[in-house]
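K.L.:
Each chain, written out:
8 protein chains.
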Amino acid sequence: MRRRRTGVPEIVLAEGKTIEQLLAAIDLLLEREGRVLVSRVQPAQFEAIRTRFVSVPVRTAPSKRTLVLRRDECAVQPTGGRVGILTAGAADRPAAEEAQLVAEELGCLVRVVHDVGVAGLHRLVPALRDLVSEWDADVLIVAAGMDGVLPSVVAGLVSVPVIGLPTPVGYGIGGQGEAALYSMLQSCAPGLVVVNIDNGVGAGAAAAKIANRCAGQRRQRESSDEAASRANRSASFR
Amino acid sequence: MRRRRTGVPEIVLAEGKTIEQLLAAIDLLLEREGRVLVSRVQPAQFEAIRTRFVSVPVRTAPSKRTLVLRRDECAVQPTGGRVGILTAGAADRPAAEEAQLVAEELGCLVRVVHDVGVAGLHRLVPALRDLVSEWDADVLIVAAGMDGVLPSVVAGLVSVPVIGLPTPVGYGIGGQGEAALYSMLQSCAPGLVVVNIDNGVGAGAAAAKIANRCAGQRRQRESSDEAASRANRSASFR
Amino acid sequence: MRRRRTGVPEIVLAEGKTIEQLLAAIDLLLEREGRVLVSRVQPAQFEAIRTRFVSVPVRTAPSKRTLVLRRDECAVQPTGGRVGILTAGAADRPAAEEAQLVAEELGCLVRVVHDVGVAGLHRLVPALRDLVSEWDADVLIVAAGMDGVLPSVVAGLVSVPVIGLPTPVGYGIGGQGEAALYSMLQSCAPGLVVVNIDNGVGAGAAAAKIANRCAGQRRQRESSDEAASRANRSASFR
Amino acid sequence: MRRRRTGVPEIVLAEGKTIEQLLAAIDLLLEREGRVLVSRVQPAQFEAIRTRFVSVPVRTAPSKRTLVLRRDECAVQPTGGRVGILTAGAADRPAAEEAQLVAEELGCLVRVVHDVGVAGLHRLVPALRDLVSEWDADVLIVAAGMDGVLPSVVAGLVSVPVIGLPTPVGYGIGGQGEAALYSMLQSCAPGLVVVNIDNGVGAGAAAAKIANRCAGQRRQRESSDEAASRANRSASFR
Amino acid sequence: MRRRRTGVPEIVLAEGKTIEQLLAAIDLLLEREGRVLVSRVQPAQFEAIRTRFVSVPVRTAPSKRTLVLRRDECAVQPTGGRVGILTAGAADRPAAEEAQLVAEELGCLVRVVHDVGVAGLHRLVPALRDLVSEWDADVLIVAAGMDGVLPSVVAGLVSVPVIGLPTPVGYGIGGQGEAALYSMLQSCAPGLVVVNIDNGVGAGAAAAKIANRCAGQRRQRESSDEAASRANRSASFR
Amino acid sequence: MRRRRTGVPEIVLAEGKTIEQLLAAIDLLLEREGRVLVSRVQPAQFEAIRTRFVSVPVRTAPSKRTLVLRRDECAVQPTGGRVGILTAGAADRPAAEEAQLVAEELGCLVRVVHDVGVAGLHRLVPALRDLVSEWDADVLIVAAGMDGVLPSVVAGLVSVPVIGLPTPVGYGIGGQGEAALYSMLQSCAPGLVVVNIDNGVGAGAAAAKIANRCAGQRRQRESSDEAASRANRSASFR
Amino acid sequence: MRRRRTGVPEIVLAEGKTIEQLLAAIDLLLEREGRVLVSRVQPAQFEAIRTRFVSVPVRTAPSKRTLVLRRDECAVQPTGGRVGILTAGAADRPAAEEAQLVAEELGCLVRVVHDVGVAGLHRLVPALRDLVSEWDADVLIVAAGMDGVLPSVVAGLVSVPVIGLPTPVGYGIGGQGEAALYSMLQSCAPGLVVVNIDNGVGAGAAAAKIANRCAGQRRQRESSDEAASRANRSASFR
Amino acid sequence: MRRRRTGVPEIVLAEGKTIEQLLAAIDLLLEREGRVLVSRVQPAQFEAIRTRFVSVPVRTAPSKRTLVLRRDECAVQPTGGRVGILTAGAADRPAAEEAQLVAEELGCLVRVVHDVGVAGLHRLVPALRDLVSEWDADVLIVAAGMDGVLPSVVAGLVSVPVIGLPTPVGYGIGGQGEAALYSMLQSCAPGLVVVNIDNGVGAGAAAAKIANRCAGQRRQRESSDEAASRANRSASFR
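Protein chains in written order, with this note's numbering: chain A, 1 to 238; chain B, 1001 to 1238; chain C, 2001 to 2238; chain D, 3001 to 3238; chain E, 4001 to 4238; chain F, 5001 to 5238; chain G, 6001 to 6238; chain H, 7001 to 7238.
These are computed hints drawn from the structure, not numbers from a lab.
Given the structure is predicted, the values throughout are model-derived calculations rather than measurements.
Treat the hints with care, since some could be wrong.
Unchecked claim - Listed next, the stretches of chain D that the computed footprint assigns to chain E, with coverage defined by at least 3 CB atoms under 8 Å from CB atoms of chain E:
{"hint": "1", "stretch": "3146-3155"}
{"hint": "2", "stretch": "3170-3181"}
{"hint": "3", "stretch": "3184-3192"}
Stated by the list, open to error - Facing chain A, from chain F, some residues (calculated, C-beta under 8 Å):
{"hint": "4", "residue": "5062"}
{"hint": "5", "residue": "5149"}
{"hint": "6", "residue": "5173"}
{"hint": "7", "residue": "5185"}
{"hint": "8", "residue": "5187"}
For every residue, glycine included, the Cβ atom is placed at its ideal position computed from N, Cα and C.
Kindly generate the complete structure, drawing on both the sequences and the hints.
P.N.:
This is the structure:
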């Protein structure tokens, strides 16, 4: 029961599975858990899943590479955790969407700002002000390919935890995301952590673990506040 | 003023610096910041630093590869963040000590359990019970070399965030920590994040960012609790 | 006559061969040996083989990537060797099936338990009890991709020989099976041996060599037992 | 209690440990287990161990890179397993010695033939005749560097299991044992398994697992034989 | 005029060229040199070349990946050089055919023996007797993939020069010919030289350079012999 | 006469040369060219050179890893080219000094600003203002290790040509300068060019080629200006 | 406004984008900047762009992998910078065309000489005479795959700056452009700078930065000349 | 008896052997073969060998890294083979000397021209005229590090066989000889063959195999010539 132990739902990696294997795996887990996250879905697989599980509500993202099937009775329990996501460019979106879906399935609120890389660097400071200073995100995921610079820049500007999500964007030597990954691992900004190239599931799960821990602390506080305020009220009633 | 912006103190990488360059760098930062963390210190460098800054209090760890110089007036501000550290074996200690020093300098409480790798796996469950269930750690750092399995195992057992810290322990192909790093990046336990091989500074800084965020949420709660309790008391006094 | 010398049948690697080359190679070996194992078969090749050798009995596995053609007169000689196979997840099955076919062609009994990786770790201990304690397997093959942790875990729990079979499952850095291979080569559990990524043929052949050696020792014992029992009987008859 | 579970004694990797750490680790394990195997011992470490544990019997090999400390009361239990070891050249001896020590500590009989590589290939066939046909080894370890060809040649000639042990001997590209390892992983002789470069401990442990399994089957047979012979004798006595 | 200087005809690499570029390149060189060798030809390119240069005689090999267009007036000048070619298995043939075509275009006689690798090793000694002892080849090309062992074995058995031609056959780590290349570069048989993976053109050109040099020495001898014999005859006529 | 053709003086790579070889090489070139640049000088080599060529003026830099011997009669011809150099941190200085010496030997003016990396990023904008806007540098060299981000940042801020000089500073994966090199090669800032890791000579020579080309255009202009001003003056005198 | 700051237009990497994403990105930038450069365009993408932006003038090159859309009102401002481009062979053209388009969009004059590699080396010296001595190029781009030798040869012959542009042409080890890139990075000709494999955009942008800097110096000179000539004329008119 | 079979003497790799192992290996082979070639000799090993075998004539080269011990009765049999060697720079000499010693031990005449790389390219054409046109070398060895260009240039200029010998000279990425090796493997000059980095023994052995084959053809011719001339003489005497 992985969900119980670590808070992450069952994940099926569609890549490399035949449609039969894939449907069987989803069937089994839907039965057992009521919810399945399918990652790296190919278009033909997507169609097959929609056809087979026509009555099960599905959530997906524009790139359709990740999807969640969830029976109605398995509503996500909102945690109040807040995950901010930034992408450097358009090619980083599929990985970011994957991270978003996973974090949301784990109960988090997610806010995303796209395209704040080199060509949109002037939009980075407002984006960070929005996500960090105003919305008070618990953690940021920063997706970037090529030279993978954006997560380092962000980690040098904010004090909330930052997760680097390298994407397989680039050319020539190091262009499948290796340059981005290595650059994040060598970051001059201490405190940047990373997941593997294109591993949006991992980034989303890690961010949710952090945000949910923070939210847990807040919830207890809020209970106290309510208690306090009740105490206060009862007090003032006297 | 990096410390202000991201919460991490100035770090001097001793490796590759002459003693003159090293002392000059420390001098400058001590003057400016009142505190310096020096990593990858060689024995000769260690002696030179102790001799030159004889009047400045120094903190270090048994491996003496990391040290912190801090003028008396720059006391660390305790944050209440709680960082748990696990090591797989004796060779993982220097990296773990580095992480511990950094997290402590950032105000965290740190609790460490050593040698819970393959040879000591029977001590892992009690260690996790101690660190997570009882002490309620905000985040765990798990240092491991060779096959780098321990962080995956831990991340599969607990719901708090886990940071994998690969160490350069092993032999042959992948034995400088690459196998451990790759294995952590490919972890089947979603939500494991990593830093570069032997990068204790990075692991400590990232853990502190997470723990301090959690502690920040708690502190506000505690203020509320105190307010509540004051309200209550004043109430009850009336 | 490789079969004579090392006990392994002729193997044709279908990958990279034209259908003409492939059929010719099978034809030649069927003529000479009466049996051929064809690995890495593509669907079109599969069809062509079935059409061309319509009268020759064929064995294959669900993934259809490996098949054995064997004339009726070339029945496999059962050895009594016992090979247990474990897979971490669904994507590891094709490699495991290949290993199974090869071991069976070499006369072994094979018992397989699927999906005992991270998501099914709770099924590992019963699986090992079944395969090792009860069935008394002579050797285990453990197929795993991603972080390749399962073979190390198994090798740390049992005293029979364990062969790690890394599979090309994963993403990003090390995701074509390299991380799994390196992790097995760096295993903290001494005594784990490995074959190349996705090399089910090699794993099956190696396991059969071990199991058949064990079975050979048993057979002699059984002959002795029979002799003893005959002696006994004749004795008791006298 | 790793020894109990998997049959392998506690191993201390001396490499990368200070003398203090090393002695402490040995002390602890000697106390707890009565026996310790220390691998990758440097000369200075060797001296320190001899001085510190002067009263504990030590076994080592000419290269002195591996040693075993064992209290008198912890005698090795002979298993009757038979491990044959072949080396290609003089530079492969330290790894082979390590494997030998480990296999012997696990109760096996070990027989070694050195220098049967390219320059001594004419000695290979007699060596195999001696080890396999006459001595009836249960398993062979073949240590080789450079092009790593010897294990493939041997695996193509015998039907007992063969473990390839690549050694860090060579020059230029692939000369730290990578060429040997890759060549063994790509072997045309199916059924060759490998351990990591220079991992004599792993090769010895794996060989012992195989040999001891075979010997276990023999022992039961022998008991039966004895029973039979007793039956017979008693029969004949009647 | 490369042909003049180094004896190698103009070569067009078809791979990565559009059909227009390819035909234009061939056209230009045919005009200038009367002969063109086209390597790595794709089926569609092959058809386009045949259609476009319908009146120019073409030589090719079964794999059709290499072809030579040569105007009638540009007959190859036989040199008398003798190149022997050995392949380990069927998958090595395309590279070997490429080498053969190139060597023949450079005037050499070529004799080929296929499939003398592991599965056909018993055919190696007769093959070498045929090529070396009887036909007296000036040089051997040995094509092999996987562990790349065959060239080393051959170079250890004969005294004529041997060129290793690694082919992209194998699986997993090193399976695109890297293991074969590294193994040849690390060969224990001194005097083995290599060309890049699948570089049949290079192997053929190098072999032809060696064989033609040898043949050149022979031709002068033969002229001398003829002179001698003429001298002799004229002498005897007197 | 390389100097004539490409404008770069003779360079002797001290690394890997015996002192005898080194002195002989310097002697020969001093004789022939009057000037030698020696790179990668070890301390013992440095002493030997100073002792042997005591009467030849020497220029070097604080790190003493590069030096120039130049007979008095071979004064550098100032070109007026302007090369700006930036370093990210103290460990980047030796490479930067090497570049500076080479550019100066090629006649350029060089202006250097150190330590404008992550920890000193607030000093980057003033540094660029000084070097580019005010001093009007023709080209910038930016030396950086670790994640190699600084050159990308600079190339995104200025329109003069920028040369990235990766340095072997970092840890773990990619820490010998590979991460920095790859990151520069993948830079999102188009127009960044690079040299090999730690190749200060190459960076200095390339920068000088660019700056001297620019200066050449200026010199012609200045001649024109002088002509114009002479014309003007004579005009105004009339 | 990247164009303002660094002189390089907005670039859209078509590779890895869906047609929708691609058209949207072009639309946005055309609106904002009036000009877009699209690189790595696939045929289907090419058609979609032409159809969608039928009224916007487009520039492209024979390989059609790069194209520029530019509204009429956004004419390129000629700078007078002169960029020479050399290619080793036909397969290097697409990268060279990309570089040419970018340099032209940045206002430069571009002159190209193709096919001066090994097979056309006799055409190199005339080509350099034409480009450098006569046309007086400010900078050269040299595109080459395989062994990447041409840029080194050119950099050893001319004193203008040379940019090496490695292309993904070759076979086997290093054949995706790595050998060419490494060879350029290790060039014996000091002063050669490089961009990543196949990065024509980067080479063109860097060359334009250099050429435009040179042209800028010339323009000021020309203004002075005009001033001088005006002064002179007015003078002579008096 | 390798010498008999392939014409190459016994070689002892000193690297990685203790002095005891080394002396024992030499002793054994001297006894058996009368001649030993020792490669990669360290200074301390060199002294020990000289001391131990004080009465055995030794040949070595200036770098003293290779030496040959040969009893007086084992004189080298001159073959008349002619091997030319070229080096790019001073750092390539040790590898070249090793090749020279080996070729001479195999009976060849060797002629060497040093330092014809980039800095001495003007000396290349005279060197080739000397070695090839005048001396009529049978084969050339070309040793080069860094970008490894020289062997390609030479192979493009001469028609005799050329062996590339990459040396571990360079810096940064590919600087341990990998760039040189890859560049030679990708050479645009077809017909270049290579040996591993720094493998002077292999280059010398391969060159001798080629040269001795050529010389063998010549010797037969010379016998014919002598016969012819004898025939002639006897004829003319009549």
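K.L.:
Compare the structure with the hints numbered earlier in the document and write down the numbers of the violated ones, lowest to highest.
P.N.:
4
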